[in-house]
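Number of protein chains: 2
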Amino acid sequence: MGNNIVVGYEISKIGKKIKKIKLTKPGLKSGLKREEKRQLKLDAILRHAAAAFMEKGYYKTSLDDIAQLHNVTKPTLYYYVKNKEDILIKCEDVASVRINGLLDQVTACAENGFVQLENFIRGYVEIITDDIIRCHIRHRGQREDRAARNASLKMHRGIEHRVREIIIKGMDDGSIRDCNSTIIAILLFDALNGISAWYRDEGQLNHEELVQQVLLLVTEGVKNKV
Amino acid sequence: MGNNIVVGYEISKIGKKIKKIKLTKPGLKSGLKREEKRQLKLDAILRHAAAAFMEKGYYKTSLDDIAQLHNVTKPTLYYYVKNKEDILIKCEDVASVRINGLLDQVTACAENGFVQLENFIRGYVEIITDDIIRCHIRHRGQREDRAARNASLKMHRGIEHRVREIIIKGMDDGSIRDCNSTIIAILLFDALNGISAWYRDEGQLNHEELVQQVLLLVTEGVKNKV
DNA sequence: AGTTTAAGTTACTCATGGGTAACAATATAG
DNA sequence: CTATATTGTTACCCATGAGTAACTTAAACT
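Same order as they appear, the protein sequences are chains A and B. Counting from 203, one number per residue, gives the positions in the first sequence under this note's numbering. Counting from 203, one number per residue, gives the positions in the second sequence under this note's numbering.
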């Protein structure tokens, strides 16, 4: 530990030209603060943008709108973000980390498949309260750029795949009935993602009741077993 | 039957000014053909537009794109449609009629609530194969115009309400277990509407299997009852 | 201190695309 | 066969909004 001097490269602001910059010792508080502040601001911008996108939609929200929410002018945004679409991409990154984190946590527990699935659902409903995640869910698939679109698709597939694995595990250990894991995983995500479009934490609907209803639906269905 | 002469009014082309037009006896083939042709063309335009919206999204699809799909020029569209948003509204009208029609059919049968719900699901999955309906599902809520947005919301609420009624009926007659009908109805719609985003009739996934999996999920859930 | 980098501003460009005006062709009715 | 609606076209206008260039202010390291 101590005073390790890291010298590296950083991709500069607007992309295009890549500028070589000697990074000074990040051990010093002031140095860290700089990067920290930048991260905080980026995060705030994402939050504002995500909120605006959720309220008015991506295309009806201008960069000026977002800038104003953040009390800066449009060009400033370009210091933190490559372009408008990049906002969605960055939101997706955040979402990817959080959802995969949840999956890590869930699959790490030595429970049977069904319980893991329950735990995932519980955690997911928690997560999709966050504006950035909601924004990602709503706008995934709108990527203009081919590469970005493919990356998005891939990451989405990955998550879906992990949930499918949980379901398969459940069928193996006997905790989940025989079913088409692909379809069930998709249906589950459709329902859960749908929640993110209408559920408000501040609303009158209690969070715990929502989770209960979802879990009951998934476990038992709605048919009355006399 | 016979030669009943209907004289009425028609809302003219571009809205704005409402022009009174005496309709000539529609018994004559030529008279009918005119209106018929117009309707057919409007329908074709909606179809083309809906398909394009589904593929590229509403905002990335220009009116020129739609016009081209129909082998006409942009201004011609304005003869059939008030403006871009009006396309969505007209799609919604089509969707409303079809979905409510399905509900009429389903609720007319003297079955218990659960069976009615099953029948609705079966019919709904059928319906959401249609591009116009898919377009409506995906773009409902994007209305720019306040009045249009409210109308859209109202119609959507209406449909959701009818499904809730079915669920309540099922709880009354004992065919559906006790649950929060509001939440369950919404979750059901989220899952079903989600299907419209990815399911292709031409795809490898068999329609009947999809319906089976959905119905099983709704009836039994996924937990294995040993 | 004084120089460098970060952070932000004002003032533009420029493509896109919705919508319209005015004109042209085609069909229908009388 | 001519007058009148009905369809359609070409050629525009113009608002909007993404993205950039060039310049200014604030912060930080030596």
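For the record, the hints were derived by calculation from the structure and aren't laboratory data. Just to be clear, a hint being listed does not mean it is correct.
Identical chains share a label here; the pair holds if one copy fits it or two copies do between them.
Here are the simulated lysine-lysine pairs, BS3-like style, with alpha carbons at most 30 Å apart [said to hold, decoys possible]:
1. Lys276 <-> Lys425
2. Lys427 <-> Lys243
3. Lys243 <-> Lys276
4. Lys276 <-> Lys427
5. Lys239 <-> Lys371
6. Lys427 <-> Lys286
7. Lys425 <-> Lys262
8. Lys286 <-> Lys262
9. Lys239 <-> Lys276
10. Lys262 <-> Lys356
11. Lys371 <-> Lys284
12. Lys286 <-> Lys239
13. Lys427 <-> Lys356
14. Lys284 <-> Lys262
15. Lys258 <-> Lys243
Consistency of the hints with the structure:
1. Lys276 <-> Lys425: neither (54 Å within a copy, 52 Å between copies)
2. Lys427 <-> Lys243: Close neither inside one copy (54 Å) nor across copies (51 Å); limit 30 Å.
3. Lys243 <-> Lys276: Within one copy, since 14 Å is at most 30 Å while 44 Å is not.
4. Lys276 <-> Lys427: Answer is neither; intra-copy 59 Å and inter-copy 58 Å both fail.
5. Lys239 <-> Lys371: neither (43 Å within a copy, 57 Å between copies)
6. Lys427 <-> Lys286: neither (52 Å within a copy, 50 Å between copies)
7. Lys425 <-> Lys262: neither (43 Å within a copy, 43 Å between copies)
8. Lys286 <-> Lys262: Answer is both; intra-copy 12 Å and inter-copy 15 Å each pass.
9. Lys239 <-> Lys276: within (19 Å within a copy, 50 Å between copies)
10. Lys262 <-> Lys356: both (27 Å within a copy, 23 Å between copies)
11. Lys371 <-> Lys284: Neither: 41 Å inside a copy, 54 Å across copies.
12. Lys286 <-> Lys239: The answer is within: 21 Å in one copy meets 30 Å, while 43 Å across copies does not.
13. Lys427 <-> Lys356: Neither: 40 Å inside a copy, 35 Å across copies.
14. Lys284 <-> Lys262: Classified as both; 19 Å inside a copy, 20 Å across copies.
15. Lys258 <-> Lys243: within (22 Å within a copy, 32 Å between copies)
The structure does not agree with the numbered hints 1, 2, 4, 5, 6, 7, 11, 13 stated previously, though it agrees with the rest.
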